[in-house]
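Line order of the protein sequences matches chains Z and L.
Residue numbers for the first sequence follow this note's numbering, so the first one is 1 and each next one is one higher.
Residue numbers for the second sequence follow this note's numbering, so the first one is 1001 and each next one is one higher.
What the hints contain is simulated information worked out from the structure, not anything from laboratory work.
Distance ranges between label pairs, derived from CB positions: (1) Ala1159(L) x Val10(Z): 42 to 50 Å; (2) Arg50(Z) x Ala1159(L): 50 to 58 Å; (3) Thr1124(L) x Pro185(Z): 16 to 24 Å.
Where a beta carbon is used, it is the ideal one built from N, C-alpha and C, also for glycine.
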Amino acid sequence: MAGRLPWVLVLPAVVGMVFLTLPLAGLLVRAPWSTLVERLGEPHVLEALRLSLVTATLATLVCLLLGVPLAWLLARVDLPGRRLVRALITVPLVLPPVVGGVALLLVLGRRGLIGQWLDATFGITLPFTTAGVVVAEAFVAMPFLVISVEGALRAADLRFEEAAATLGASRWIIFRRVTLPLIAPGIVAGAVLCWARALGEFGATITFAGNFPGRTQTMPLAVYLALETEPEAAIVLSLVLLAVSVIILAGLRERWVSAP
Amino acid sequence: MTLSARLVVTRPRFQLDIELEVAAGQVVALLGPNGAGKTTALRALAGLTALSGGRISLDGEALHTLAAERRPIGVVFQDYLLFPHLSALDNVAFGPRCRGASRAEARRGAAVWLERVGLTGHATMRPRQLSGGQAQRVALARALAVEPRLLLMDEPLAALDAHTRLEIRSQLRRHLADFGGATVLVTHDPLDAMVLADRLVVIENGAVVQQGTPAEVARRPRTDYVARLVGLNLYRGTAAGQQVSVGEVLFSVAEQLEGPAFVAFPPSAVALYRTRPDGSPRNLWQATIEGIERHGDSVRIHLAGPIAAAADVTPAAVADLDLTPGQRIWASVKATETHVYPF
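Bound conformation, chain L alone (with noise of 0.2 Å):
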């Protein structure tokens, strides 16, 4: 079971034009800041919204030509849109029953998937007496009840509050491991997407500007948005030998490289100096103070000058060296920890 897909939806003032491949048993994820065009794209493989072109094959079936409710697709929704008049035993029968069951067997089949999503108590209550956690797993085994070979999820773990999230997350990574077709699924969070999906495909002004599996993407970020998202420095420079200038700045690296390259390195690999540091000139340089915030157990300064970057230091790093916005600084960061890789 595959999917492989090119979505080109045209619109007054946006263009969606991406192509999309998906193995059997993969989790793709769409990631991508907001108005990118993530969740016109699930919508388009859902038949909710037509395609100006491209195609849509499922295991070398055509989709597109089909409407919504013929697609052999699962859809679970933003904020799960369970029928509010049904119970979550019959929310979860809804589809079968669409799709020919009788009304026992659908239940019975419904029953079996509120039980694997651990929700056999709740079969006769309504989506408001559920919590957001529970109302989610409903939404999932109503998506699977209907034994599809596509499912798609739109911000699936969005609407749920810190602590549910968390636990929903890695139940929701168990049953995406047990489902057998191919899932697509539609997220602005970069931890949703690295722990759920083993492909990520980041799409920005309705292109993929870069796609890979998890840790590639985490490692060798490609675009500003990208770079944020994983929490790295980011900068396109020239790279010659194991040197690589990024405008006035020459970093020193570790790897040997030639012609256009990308230099990334994290926020608490730079270290900050009151006045210059002796010894080499390279990896250095002056800076100004742009902004000071907490994060996490450190201090993150972000940093104007020939190159904008952020930098993590301790609290104790902050009172020693008397930090405050405006000033003046010189920045350094070890070879060692950037890492360049080609345009």
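The shape of chain Z in the complex, shown without the other chains (with noise of 0.2 Å):
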């Protein structure tokens, strides 16, 4: 294509990517370089990190069990209200986190509808636990995992699995033996953004788990609790916090997010 490029669109563009990118930067200069792997040695530090990777990645295979069963029903089978209960599991997506937290509260709390029960009965309380934040995390990331492999299945070629029907196969061995293996990287990718949105989790974590140091409190959390007393701290947490999410990302990528 011949001619000079539009200002008008070019310099949206150029404000946009410095917008999304001088934050990164910003925290790459205010770091306190010299004191870093001091700080990062600090056993407060390595517990969060420890406890939020351990939890963002429960998370996510708890989304992986529920989630992509979800998103085959969707995609396969003709229920009655579809597009309803498609609706109804996206909120989460759209439903600040806070008030996510709230709503686990008053079902899965002590005296929630669930929780209530689940103490009398199995003496199993949620909230204020790890537990509880791992429950935080995967209700606010499910939806992610679950619009991706819905996506994946949606795209699938069908007459794969016509094909394994014909040779005999259940619909159980079809989704195992032929819809899996051809949507593993829909999965893959939906399992990454998943992961992210869990290891970012801060309002409903804080809300339906309290904020207790080496049971309840990640990263996201020491963060924001580090920004008002030593600011300095906070910024080596979020630094960490970037960094693992770069990494897998950037690991990830090569091999599954950009494929079909």
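The task is to assemble the complex, starting from two chains supplied on their own in separate frames and drawing on the hints.
Laid out in structure tokens, this is it:
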């Protein structure tokens, strides 16, 4: 194409690019590089990092176990009211996470609808525990996985599943041996999105699980708390989160995320 | 093992309603133009499209009440649909594995099938590493490995280039001869149908318009589509003794017949003249040249006039007669080269 680039498009594009990258650059510029290693070694930093990685991974596993079958149901089975179901399960996507946390408390809290029963019957309490962190993160992150996997299922060629049926495969075998391998890239992409979302989760976590160091204080919570007492520590923690996210995304992007 | 079916599939703007009988060891080709309902019929037999009516029975056992995965069938799909994430061997082993064989058993059986189609050396390859002809053979092995009683093939050779097609066609013919069950194959290529099938069933607009052995169909086409397919000029007329009138043209023919009749003759039987030839006015008409095209070694002339016809002449004749589109010309056909049969 010939001709000058239209400034009406280029100018906002450049502003947008700067807007997205400048804060990250700011983080790098103001980082206390001289004391970095020392600060990273602090027990509460390591503790928060470990907790974040563990809960985000567990939440992703929960999302995979529940979300992939849910996506399959939405994409492959002619459910009555399927559109309504899809709309409902994507609500956490647009819901303010704090509201999600409140809602979780109302249902799973000690006096909540189900929480009460869980407590009375099994002695299980979820709020303000590590398990509660996983629940909060999974609640917020699962729609990302479901939407991504459902998209992959809809894009997959149904005729492979028909071919498998003519070879004698039941629906479960078809799912396990044909559908799942075919949509693996979509599942991995969804899991990465889901994991990243869970790692950064703040609102629902602090509302539902509280902010107890070593038990429910994940990295984002630690960052927020540190910001009030020692800003330099907050910068270090933020750098760690940034590094973890970038490393994971970059590592997977090559192999999976950009795959069709 | 006999397949006996009446397939009715009703869609908003289309209805398929055909009867189909296939004996064990027999190969029946469903032949028809695009959109005739061939593939729908095949999918209905496979259980991938629900019947709106009718029945399917194989050796007296009702098939239409079974889900696709419970039918004793093997299907070769048009673009094979080999599972891209499995090796050739595991593609072939997939069916036996689903039908209860152990992994080792299924793989052993699959290896035997790959050997039969001559692909032992390609067992570990993924489908995208196989050529079109190899993929076709793996697809055939995969369909036969479940030891079906009914083999269904949708355009089995359509995706191949001309050279590969020739080779695969003769191999496929051999494998079909070895197969003891009933075979239904769908094709729009008359040559594939003639070479591979024992019997042709021609479908147009969801209904059977003609069926018979390839020789019968090729010799006595009953619709314009079939006539075009087998390369004959075909007309409907009225016979009286050894004459058939088709509109204003009177054909004198070799056979005796009375009443409504078909007249068929090959384009090579048509002779063209610039001026009216002397002699009998029968088998003679004046036409306008509508088009001229190359057709193998000869030149095909499309004629309009009282009857539309194709005539094949030599390139030398085109030059001698100085044939050009739009030109008026006399056409005649020898009585001995026409074929007449009842409506």
